[in-house]
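Peer 1: One letter stands for each residue in the lines below.
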Amino acid sequence: EAGVVQSPRYKIIEKKQPVAFWCNPISGHNTLYWYLQNLGQGPELLIRYENEEAVDDSQLPKDRFSAERLKGVDSTLKIQPAELGDSAVYLCASSPRLADTQYFGPGTRLTVL
Amino acid sequence: AQKVTQAQTEISVVEKEDVTLDCVYETRDTTYYLFWYKQPPSGELVFLIRRNSFDEQNEISGRYSWNFQKSTSSFNFTITASQVVDSAVYFCALSGLQTGANNLFFGTGTRLTVIP
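If you read the protein sequences in the order shown, they are chains A and B.
The opening residue of the first sequence carries number 1 in the working numbering; numbering runs sequentially from there.
The opening residue of the second sequence carries number 114 in the working numbering; numbering runs sequentially from there.
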């Protein structure tokens with residue numbers, strides 16, 4: 001069974017530029033999560049989807065971050081414009097249903113110059 | 114509030130030594146889950162184990178074992194006869210079903226280095 005797929009793996013951009021990350025969850029997993037992981041820290045939840053509905057986006061900085069999960073499968077996380085402080089690893093995870101074990105993708109390492 | 118504390122920032126052991134990674138948690142939920150994940154240098158978080166709050170039985174899987182004690186709010190992880198491939202950052206995490214909204218709260222991780 002294929003795991004969670006994320007792309008790109010690495011992204012380097014200049015500040016004020018837009019950037020987007022893509023996630024394809026494990027087939028059949030209804031719940032999808034985006035996490036932010038700063039260096040030396042554990043992941044922190046940005047947004048959680050149940051199918052195509054964002055049910056918890058309280059930690060998403062909505063002035064510059066947006067996300068979507070069209071058709072309840074793939075998801076895209078966007079930052080516009082990026083700031084220096086956005087440099088981090090962005091992880092996507094999925095689970096069959098809420099409260100089930102979450103399985104993580106390899107992450108996208110973003111560097112903002 | 115949900116909180117996970119991993120007091121050990123970094124641990125180094127020589128290959129074949131046993132090592133225990135500590136995890137202490139805080140939650141007001143009566144139903145919750147505890148997890149351990151491994152993050153090797155490649156960056157992907159690898160699921161190791163999930164325990165629910167009603168099951169305090171210790172678990173062993175090969176060289177890995179977990180000790181869950183509700184009385185001390187701890188969920189410690191022991192690697193027996195460590196190997197170089199065990200070198201990684203290990204995260205303990207908590208998911209509370211009531212106030213925690215089923216979201217995962219991670220500790221800050223323990224970096225384990227196994228020296229050959």
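Some hints here could point you the wrong way.
Derived, one-sided and incomplete: chain A residues facing chain B with beta-carbon distance under 10 Å [unchecked claim]:
id, residue
1, 2
2, 53
3, 54
4, 72
5, 74
6, 111
Straight-line C-alpha distance at most 30 Å; calculated DSSO-like pairs for lysine-lysine [stated by the list, open to error]:
id, chain 1, residue 1, chain 2, residue 2
7, B, 129, A, 62
8, B, 116, B, 151
9, A, 11, B, 129
10, A, 78, A, 62
11, A, 62, A, 15
12, B, 151, B, 129
13, A, 62, A, 16
14, A, 71, A, 11
15, B, 151, A, 16
16, A, 78, B, 129
To be clear, the hints were calculated from the coordinates, so they are not data collected in a lab.
Yeah, the Cβ is synthetic: ideal placement off N, Cα and C, and Gly gets one too.
Peer 1: Checking one constraint from the list: CA of residue 11 (chain A) to CA of residue 129 (chain B), max 30 Å. Satisfied?
Peer 2: violated, 38 Å
Peer 1: Between the alpha carbons of residue 78 (chain A) and residue 129 (chain B), is the straight-line distance 30 Å or under?
Peer 2: violated, 45 Å
Peer 1: Answer holds if the nearest beta-carbon of chain B is closer than 10 Å to that of residue 74 (chain A); otherwise answer violated.
Peer 2: violated, 19 Å
Peer 1: For the pair supplied as a hint, residue 129 (chain B) and residue 62 (chain A), is the alpha-carbon distance within the 30 Å limit?
Peer 2: violated, 48 Å
Peer 1: Between residue 78 (chain A) and residue 62 (chain A), is the straight-line Cα distance small enough, at 30 Å or below?
Peer 2: holds, 10 Å
Peer 1: Less than 10 Å between beta-carbons is the criterion; does residue 72 (chain A) satisfy it with respect to chain B?
Peer 2: violated, 18 Å
Peer 1: Can the hint on residue 2 (chain A) be confirmed by a CB-to-CB distance to chain B that is less than 10 Å?
Peer 2: It is violated, given that the least Cβ distance between residue 2 (chain A) and chain B is near 13 Å, above 10 Å.
Peer 1: Is the straight-line distance between the alpha-carbon of residue 151 (chain B) and that of residue 129 (chain B) 30 Å or less?
Peer 2: holds, 19 Å
Peer 1: Run the distance test for residue 116 (chain B) versus residue 151 (chain B): straight-line Cα separation, threshold 30 Å.
Peer 2: The given pair, whose Cα atoms are some 19 Å apart, holds under the 30 Å limit.
Peer 1: Are residue 62 (chain A) and residue 15 (chain A) close enough, with their CA atoms no more than 30 Å apart?
Peer 2: Given pair residue 62 (chain A), residue 15 (chain A) holds - Cα atoms ~17 Å apart, limit 30 Å.
Peer 1: Quick one, is the residue 111 (chain A) hint okay against chain B at 10 Å, beta carbons?
Peer 2: violated, 14 Å
Peer 1: Identify whether the interface hint at residue 54 (chain A) stands, where standing means a beta carbon of chain B within less than 10 Å of its own.
Peer 2: Since the shortest Cβ distance to chain B is 13 Å, the answer is violated.
Hint compliance for this structure: hints 1, 2, 3, 4, 5, 6, 7, 9, 15, 16 are not met, and every other hint is.
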